[in-house]
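Each protein sequence line maps, in turn, to chains B and D.
Under our numbering, the first residue of the first sequence carries the number 112, and numbering increases by one thereafter.
Under our numbering, the first residue of the second sequence carries the number 9, and numbering increases by one thereafter.
To be clear, the hints were calculated from the coordinates, so they are not data collected in a lab.
Be aware that one or more of the hints could be misleading.
[What the hints assert, rightly or not] One side of the interface only, derived from the structure: several residues of chain D facing chain B at Cβ under 7 Å:
(1) D463
(2) R464
(3) Q468
(4) K528
(5) A535
[Claimed, not checked] Part of the chain B face toward chain D, derived, beta carbon under 10 Å:
(6) Y152
(7) C199
(8) V226
(9) A230
(10) T232
(11) R233
(12) N385
(13) I398
(14) L424
(15) N425
(16) G451
Fair warning: this is a prediction, and the values are worked out from it, not measured in the lab.
A virtual CB, placed ideally from N, CA and C, is assigned to each residue, including glycine.
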Amino acid sequence: MHKIARKGKLVLKDGSVYEGELYGKRNAVGEVVFTTGMSGYQETLTDPSFCDQIVVMTYPLVGNYGINPMFNQGDRCFFQGYVISELCDHPSNWTNEKSLEEFLDEQDIPTLVGVDTRAITRRLRNYGVIQGVIVPSEMPQEEVDKLLATPDVHDQVEKVTTKKIYKMGDGKFNVAVMDYGIKRNILEYLVSFGCNLTVYPAFTSAEEVLASNPDGIFLSNGPGDPKDLTEVIENIKKFLGKKPIFGICLGHQLLALANGADTYKLKFGHRGINHPVKDLVEHKVCISSQNHGYAVEEESLKKINAEVTNVSLNDGTIEGIKYLDHPTFAVQYHPEACPGPGGHEYLFERFVKMMGGQK
Amino acid sequence: MPKLENIKKVLVIGSGPIIIGQAAEFDYAGTQACRALKEEGLEVVLVNSNPATIMTDVHIADRVYIEPVNVEFIENIIRKERPDSMLATLGGQVGLNLALELEDKGILREYNVKLLGTQIRSIKRAEDRELFKETMEKINQPIPESTIVETISAAKEFAKEVGFPLIVRPAYTLGGTGGGIAESEEELDEIVNKGLKYSLIGQALIERSVAGWKEIEYEVLRDADDNCITVCSMENLDPVGVHTGDSIVAAPAQTLTDREVQLLRQASIDIVRELEVCGGCNVQLALDPYSERYYVIEVNPRVSRSSALASKATGYPIAKVASKIAVGYTLDEIQNAVTKKTTACFEPSLDYVVLKFPRWPFDKFVTADKTLGTQMKATGEVMAIERNLEAAMLKAIRSLEIGLIHLDMPELRDVCDADLRDRISKIDDERLFVIAEAFRRGTTIEFVHEITKIDRWFLQKVMNIVKMEEVIKTHPLSETIMRKAKRMGFADITIGQLVGKEAMEIRAMRKEMGIMPTFKMVDTCAAEFEAETPYYYSTYGQEDEVLVTDKKKVCVLGSGPIRIGQGVEFDYCSVHSVWALKELGYETIIINNNPETVSTDFDTADRLYFEPLTLEDVLNILDKEQPEGVIVQFGGQTAINLAGPLAAAGIKILGSTVDSIDKAEDRERFDQLLTECDIPRPQGFTVFDTDGAVKAAETVGYPVMVRPSYVLGGRAMEIVYNVDELKYYMSHAVKASKEHPVLVDHYLQGTEVEVDAICDGTDVLIPGIMEHIERAGVHSGDSIAVYPPQTISEHVIKTIINYTNKLALGLEVKGMINIQYIVRGSEVYVIEVNPRSSRTVPFLSKVTTIPMINVATKAAMGVSIKEQGFKPGLGYFPDYYAVKAPVFSFNKMSNVDITLGPEMKSTGEVMCVDYQYSRALYKACIASGLNVPHEGSILITVADQDKPEAAEIAAGFEELGYQIMATGGTAAYLKEKGINVEVANKLSDNEHDILDDIKEGRISMVINTTNHGKDAERDGFKIRRATVEHAIACLTSMDTARELQRVMSAMRRRRVVSVVALQDLAWEE
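Construct the complete structure from the given sequences, taking the supplied hints into account.
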């Protein structure tokens, strides 16, 4: 393939402009975020939690080992746009099936290449996440402004959740999985820990889920502001106390909201695979994969019966909560890795143990 | 205060002298360790025999012992200092081995010394072959299957189990002879057959070969609470088969999927946890390029060269954190020194690529076998940081100082296609250049990959560079192309060569186009958090994030990679210069590219630029920073060579000017100065061709010393005795021309004396004078130096002071000057003057207690010697003796002649101090690794002119109870002199000869000099190499032999072991 790239630019709402070569036909509009992982670009690209965002890779060399479907974390790439420093056009790895460039073309992801991504990252770090557009260089400012004025999206979960119920695994614990944009490796982890999964669309009613009488409920990761999901939160309230619940990332935030706590938007989020998290119960530090723009507000936990179990060593924000009134716990980070480091299997074990206790 | 209770006084073990495989990285690690421990309020006792290090400075540790790093001396230090604890894992393999020995001998227990950090059991489980195997099996970590066989059938049996390829390594052979890789049963048959024959014990180790697999390393840190992180992954461009120290290495790993990265990361962590390492650990793994199969190749439970590289590559100070862990802290209790906001318990994220390139000594050891394999041969390395691999590669090449500025070795253009193709399969120091040249001629990536197994991804980068050359050559130099070329790391000079313009023209052009480098910070976190590290690199990006202050500032140029002739001494000087400038209130900027050193620690200077030391790269930084000027006199020849071009570009050279340097280096101007000052020198001429050389030699008289002008470390320098040798030298050893003249000097035999002095333009301070044991003709860096001088008269000393004053003032030196003299009777001749810091400065600074670089830097900045409180003239002689002895790495280099001569060959040095001269010398010999025998036979085989001296020395040794053996001529002569000699057979094909004697352990030391002549030289060479391979002492200078004999005689009457801390050296004024 090797299409000739056009000249393009990333324009942020604060007026800053970053020039590069533009691949792809459409324009991109969305919240601009950066991720610091040095490997795992494909897992990141297919992680539904990035839905509708423009993602900046801080590591400059992307696409080195190509693309292989086995690394996909979702059915497709939900990015609005992609910003990288260097796109590898000759990938090399035994798993390589196609180049990243081909993948991006297939997925129709506007990609800006040859950009000073560190400069953008510094901007985002100082100003916080911000709306941005990827457009051809020649686009006049009025048009850019119009695009930048595109209203924020609130329906990301609708876009990424499964359209119909499906099953996975044949273990002894029946787990109802609420798919808000679940990563494939979470499903695989649950299966490998002996779970028999029924995966539900995000907006399935609590009644329908509970009617199947699962041993436990899993609340998945997913994109966007948890507060947009009022219906989902109401459903989760109905789960509380009925079944053991385990939540990851968005699931963690939704659980907090359902329990009466609050969430807030982080300045520039946690996105990377090198985040240290301290487990206050086990007294150990694990390096974790993270991808979240929102966090649970610590003050708000004080009025409910919950205990902070994990905190970020970088900024002290909450990374895990145990609810004391019912067998419910959740973590903000991604114990399933992909991309990123493992070593968090004990959380899945804990969930399974909880279900074992119920049976 | 340390977290661990009851620790107040720690003994830190240093790694000793610089040898191949153990270099400046341990000065960096050790310095960080000492500081980290002092920060905790601990009293630090240090032992390290290497004076050329920052860590052995009196303010780094509370008690500094520059003594032999062995059990005997360390036990004495322990007995004297009574430390309650010891830290050994920051002193390289030397440190680890000592910890094991001290434990085995019960010394730690006897003196109740607690080992800090990684414990003995862990070290043993990582180091002991069998224990390691057991441990890995326990946690299901695969190691290459191996077995020891004594028969061919056993080997075949093993092959059936494991399959091919297999590596065969005969046990106990010389230099790995008889080993090889077997791809089939036939080959196995042949290699094992041969191997069992070569092996002294009839055994061979057979191991699964993973040659050609990807070689990946992880640097891991673990604390006592079992928190465990990986600081950095590294991928060797050279697949398994080349020692990682000799491999080009990229960080982070480039061609691995996330799943592969995590697989190997988790394996590394599991291993380190199982071993219960408490501190730093290096794990090396081999990954199948075609599956997720891997093997653990090696685990080093200590900080290493790789950890120094990882520290510099990421900004994460591994040695410092490892030291804090050793005294009881957990990772989450230690602050991230870079961000100051987060903790040390995280894994750095890079937003750039790092490439390490080894620096090999083959320019010095031209006859050495350049093949790279499992034996490391590099003396040093450079590191480059960029935003893409091509640019990092080109920066690294520029940093190497091997006369190249691009991935292009002009000599290869003359190699025919067939030869070039052959050379691709030869793994040596030039392989990457060979590959680039092959690509230029149309060879494909696939072809090269098939032969080399280098990952296509890396080969593609080389191809990209080659293709870019073509684009530049065939297109007009537009802004787009210029930008692309600069982003890819092409130097102005390279672009200029491709389009037929001067580098400065290209520089002007791109400035006009607005194409200027931007500077970025190394911050451990890919800009995620605000960082305060003043650690920068250049790239052609959009944003320059480095803000320039309005403080007055000075830039110090570093000395680049460690090589023979320019070692860690110059890094010591750069660091001290920075410190002195800070004292004067300057903001300091250092530019250097050596990842092993203290100078490139981000808290040494106020600003560190990790960049090549070329005119373009340096000017880019100076353009930005606009310092008052640049100091070049402390960065060895690297920095000196930049002085002229920088001055021409309008940069102020602080201290001695370019004119001073030129006056010392330009033959005519220097001769004129000597005439004016009435200082004699051996007669000599500058010549431009063979005829000129012959004429010059006739005029000055043979023997003559010949060498190219402008060199450091005596490169290509020789003593020639007749016209034939001279002609051979002129046609083979040098390429003389108008631009590159050759110096022909009369070779004067005499005592060599060396002086380092400081001049402020008015006064001259001579901290000390050193006398060499070996007469002139042996390179000063390879000589044993003694301070204060032993044999020269008061009158000669006065003359030396007088000449030194005249030369320093005559050259208008501001700062350091190094002068070498030859003393013959009462006559003093000057042979070399360098208006810069020298290799002996750290040694002299330590033994005279005058902080020479500090004083010299201040003098260069205009503060007079008197204002600094020092008295001009020669410093007082102390009541102790200090000896500096060279250390060689000959056992790492096959085919290199160990004879000392005008070419420098040592890789490092040791120093020892004592109140008795002979004891100081004895200790220095021990510390240098010279295997001095206390009994047994000494073989003497010397040239005719050395026989009278040999007789005296032999008599001396005989009196001490040694047996004397000698070859024909020497034996006859010695017999005549009444010495009881056993005649040894010269080398022959059938008879039992000297080599057999050496092999059988019948000879415990050799004294050898050779006559000129092919056979004698060849035989002598074989004998000398045999001594290297059997680790027996071989003295090739009669002076060393004589002095050693005297010392051995003196030591019979005295207690051998005594230790002195630098802090206790008494000074009487």
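Evaluated hints:
1. D463: D/D463 check passes; min Cβ-Cβ to chain B is 6 Å, inside 7 Å.
2. R464: holds (4 Å)
3. Q468: Holds - the Cβ of D/Q468 comes within 7 Å of chain B, reaching about 4 Å at its closest.
4. K528: holds (6 Å)
5. A535: Cβ of D/A535 sits 4 Å from chain B, so the hint holds.
6. Y152: holds (8 Å)
7. C199: Because about 8 Å separates B/C199 from the closest Cβ in chain D, which is inside the 10 Å limit, the hint holds.
8. V226: Holds, because the Cβ-Cβ distance from B/V226 to chain D comes to roughly 8 Å (cut-off 10 Å).
9. A230: holds (4 Å)
10. T232: B/T232 check passes; min Cβ-Cβ to chain D is 4 Å, inside 10 Å.
11. R233: Interface hint status for B/R233: holds (5 Å vs cutoff 10 Å).
12. N385: holds (4 Å)
13. I398: Where the cut-off is 10 Å and the nearest Cβ of chain D is about 5 Å from B/I398, the hint holds.
14. L424: For B/L424, the interface hint holds, since the closest Cβ of chain D sits about 5 Å away, which is under 10 Å.
15. N425: This hint holds: B/N425 lies near chain D, its Cβ roughly 5 Å from the closest one there, short of 10 Å.
16. G451: Hint holds; B/G451 Cβ to chain D Cβ min 7 Å, cut 10 Å.
The structure fails none of the hints (numbered hints given earlier).
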